[in-house]
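J.: The listed protein sequences derive, respectively, from chains L and W.
For reference, each letter of the first sequence is one residue, going 35 to 202 in the numbering used here.
For reference, each letter of the second sequence is one residue, going 35 to 202 in the numbering used here.
One thing to keep in mind: the hints can contain errors.
Here are the computed lysine to any residue pairs in the SDA-like style, where the Cα-Cα straight-line distance is at most 20 angstroms [to be verified]: (1) K195(L) x T109(W); (2) K195(L) x T59(L); (3) K189(L) x R79(W); (4) K99(L) x T152(L); (5) K60(W) x D83(W); (6) K189(L) x D83(W); (7) K60(L) x G200(L); (8) K195(L) x E158(W); (9) K60(L) x T119(L); (10) K195(L) x P86(W); (11) K189(L) x T169(W); (12) K60(L) x P192(L); (13) K195(L) x G89(W); (14) K189(W) x F85(L); (15) K189(W) x T119(W); (16) K189(L) x E62(L); (17) K195(L) x R49(W); (18) K195(L) x R156(W); (19) K195(L) x M84(W); (20) K189(W) x L131(L); (21) K189(L) x E74(L); (22) K99(L) x L131(L); (23) K99(L) x T169(W); (24) K189(W) x M84(L); (25) K195(W) x P86(L); (26) K195(W) x T59(L); (27) K129(L) x S93(L); (28) K129(W) x R49(W); (29) K195(W) x H160(L); (30) K129(L) x T59(L); (31) K195(W) x G144(L); (32) K189(W) x R79(W); (33) K60(L) x K60(W); (34) K195(L) x A78(W); (35) K99(W) x L131(W).
Here chain L is said to cover these stretches of chain W; the calculated rule only asks that three of the stretch's residues, wherever they fall, bring their Cβ under 8 angstroms from a Cβ of chain L [unchecked claim]: (36) 41-48; (37) 65-73; (38) 88-100; (39) 146-159.
Calculated directly from the structure, the hints in this document are not laboratory data.
Glycine is no exception: its CB is placed at the ideal position from the N, C-alpha and C atoms.
There are 2 protein chains.
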Amino acid sequence: MPLSLYDASVPVFRRALTNLDAILTKGEEFAAAQGLDTAELATARLAPDMFPLTGQIQSASDSAKFAAARLTGTTGPSFPDTETTFEELHERIAKTLDYLAGVDPAGFEGAETREIVTRSRRGERHFVGTSYLLTFALPNFFFHVTTAYDILRHKGVPVGKSDYLGPY
Amino acid sequence: MPLSLYDASVPVFRRALTNLDAILTKGEEFAAAQGLDTAELATARLAPDMFPLTGQIQSASDSAKFAAARLTGTTGPSFPDTETTFEELHERIAKTLDYLAGVDPAGFEGAETREIVTRSRRGERHFVGTSYLLTFALPNFFFHVTTAYDILRHKGVPVGKSDYLGPY
Chain L
35 MPLSLYDASV
45 PVFRRALTNL
55 DAILTKGEEF
65 AAAQGLDTAE
75 LATARLAPDM
85 FPLTGQIQSA
95 SDSAKFAAAR
105 LTGTTGPSFP
115 DTETTFEELH
125 ERIAKTLDYL
135 AGVDPAGFEG
145 AETREIVTRS
155 RRGERHFVGT
165 SYLLTFALPN
175 FFFHVTTAYD
185 ILRHKGVPVG
195 KSDYLGPY
Chain W
35 MPLSLYDASV
45 PVFRRALTNL
55 DAILTKGEEF
65 AAAQGLDTAE
75 LATARLAPDM
85 FPLTGQIQSA
95 SDSAKFAAAR
105 LTGTTGPSFP
115 DTETTFEELH
125 ERIAKTLDYL
135 AGVDPAGFEG
145 AETREIVTRS
155 RRGERHFVGT
165 SYLLTFALPN
175 FFFHVTTAYD
185 ILRHKGVPVG
195 KSDYLGPY
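So that you can see chain L by itself, here it is in the shape it has in the complex (with noise of 0.2 angstroms):
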């Protein structure tokens, strides 16, 4: 049978922010090994006006979060973006985590259609559910589920594409 909005967006986010979660505990196995402090890794950033791991982290966490309340007409947790070490970058997570389980699939009837306006500096943009999840949600998640990984690899972490795509 088809897919639902509900299979596209929340099983997906559940799966890649626990890789994720994973990929940062190899992050810190490193550090630990060559005797690095972790905040150089939760500082690192790509380029000087990327955002760091930690902001990386939190996007990932705010991209999953906010397509699930918004694709099911409801008002997500409110994280505010204060992590700076790795313990917390995993309690963000697992925060993400737990709020996707409880994410009801029932409350995605009728997603497929639903109005949804996002809003940030460049001004609005209106979408039904599936163009914003399509166009907007999963491509925006992964890119920093993605980036996140770059860093870390950057740093020399030792990561490979299956700790990103996880386990079958």
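Based on these hints, arrange chain W on the given structure of chain L.
T.: Positioned in the frame of chain L, the structure of chain W alone reads:
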């Protein structure tokens, strides 16, 4: 109505590859403005054992065309990974977009339960169409598109999230 696997794959790939093509153009403009050889961008990578920009573009192309072919039970075109210049990378994207534009949505009939086997160094992975798309093809595709973007961003190319997400 729910999503077809076509909706959640081919148009998503086409949109992202079109955006990626425009990002490459910004890379060339940056190189020209800086008096930089574009080969320095084409061969740039985020870690010594990661693919350079060329490999990320080739992999983005491959993951899109393999997904369309596997989900429709057909054989896509073969593109040897010989691109080294930006001109060739644009051509690779154009060939991929041409192929995707010609994929018949009707070919996705029954794709949800189609058995799909992927083979890599790690052995065989067995999927059905839905699990293949959601746990492998989409994450893998966005991984390579984002990493291509991240490489250019890391090299100083002035692109932003709106280039990655594309126009609405």
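J.: So which of those numbered hints doesn't the model satisfy?
T.: Those not satisfied are hints 1, 5, 11, 17, 20, 26, 31, 33, 37, 38.
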